[in-house]
Amino acid sequence: MLPALSNPALHLGAIHLLTVGWLLQLISGVAYWMFPRHPSAPPRGDERLGWAALVLLNTGLALRLAGEAWRLGMGGPSWPLVLAALFQLVAVTLLVALLWPRIRELRG
Amino acid sequence: MPRLSVWMLRSSLLALLVGTGLGAWLLGTEPAYDTARAGLREMHLTLLLFGWLVQFVLGVAYWMLPRYPTAPDRGPVWLGWTAYAGFTLGLVFGFLGRLAPLGNLGSSGRLLLAGATFGFLLLLWGRAKPFGTP
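Keeping their order, the protein sequence lines are chains S and B.
Take 1 as the starting number for the first sequence in the numbering used here and just add one per residue.
Take 109 as the starting number for the second sequence in the numbering used here and just add one per residue.
Hints are computed from structural coordinates only; laboratory data are not their basis.
All values derive from a computational prediction rather than experimental measurement.
None of the hints are false.
Covered by chain B, per the in silico footprint, the following chain S stretches (three or more residues, Cβ under 8 Å): (1) 87-94; (2) 97-104.
Distance windows between CB atoms, simulated: (3) B/PRO177 - S/GLU47: 36 to 44 Å; (4) B/GLY129 - S/TRP51: 16 to 24 Å; (5) S/ALA62 - B/GLY223: 39 to 47 Å; (6) B/LYS237 - S/ALA66: 45 to 53 Å; (7) S/TRP51 - B/PRO209: 40 to 48 Å.
Listed below are several chain B residues computed to face chain S (Cβ distance under 7 Å; list not exhaustive): (8) MET109; (9) ARG111; (10) VAL114; (11) LEU117; (12) ARG118; (13) LEU121; (14) LEU125; (15) THR128; (16) ALA132; (17) LEU135; (18) GLY136.
Yeah, the Cβ is synthetic: ideal placement off N, Cα and C, and Gly gets one too.
Please model the entire structure based on the sequences and the hints provided.
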């Protein structure tokens, strides 16, 4: 199946594996750890949002890679790509909602 | 966290949201390698590379790099705000220039982005040093 893929699709998949799978998660993970904490509990915000974002982002990314290969290599349907797009968008929205209130002015 | 970093980090999160929304739309409607939509793909790339990644990294660097022993301890504040304004305008101009070809809006945006990035480089250069050194 893979040799039938066009190069641009493979190229984009690899780029998203690195930028979403590695870079975005590395940066978000470090930000979740290091950004100023809330003075009251829970200090890093609602942890469930973070876990939901993690699951959705990785499921969305996997679905994208598989769905793209399926669609291009075997003429598969487009719904996995729609679902992948939706999952990743919701995941990023949750990440932003989690980190936004922790970005605030601190003395020093 | 200094106010400039707050603005940069929040702007970068907004760019992440908009850039991801655009990417999701590209992926969900038709595969993004459709060459007819190269302009939208370029907007998606610019928003996520400059709007999110570069701005996020610069905002954190301005906050966390070693400070100068004397005020202003993070370097000239006006330079930071000027660079931030240039960066944001550059992104907006680039975005609008893609939506509707209005004169040199797109290339002005790219120039502003490059100038603002150079401004941040000037601002941060002296602070890239071991902690505890003047």
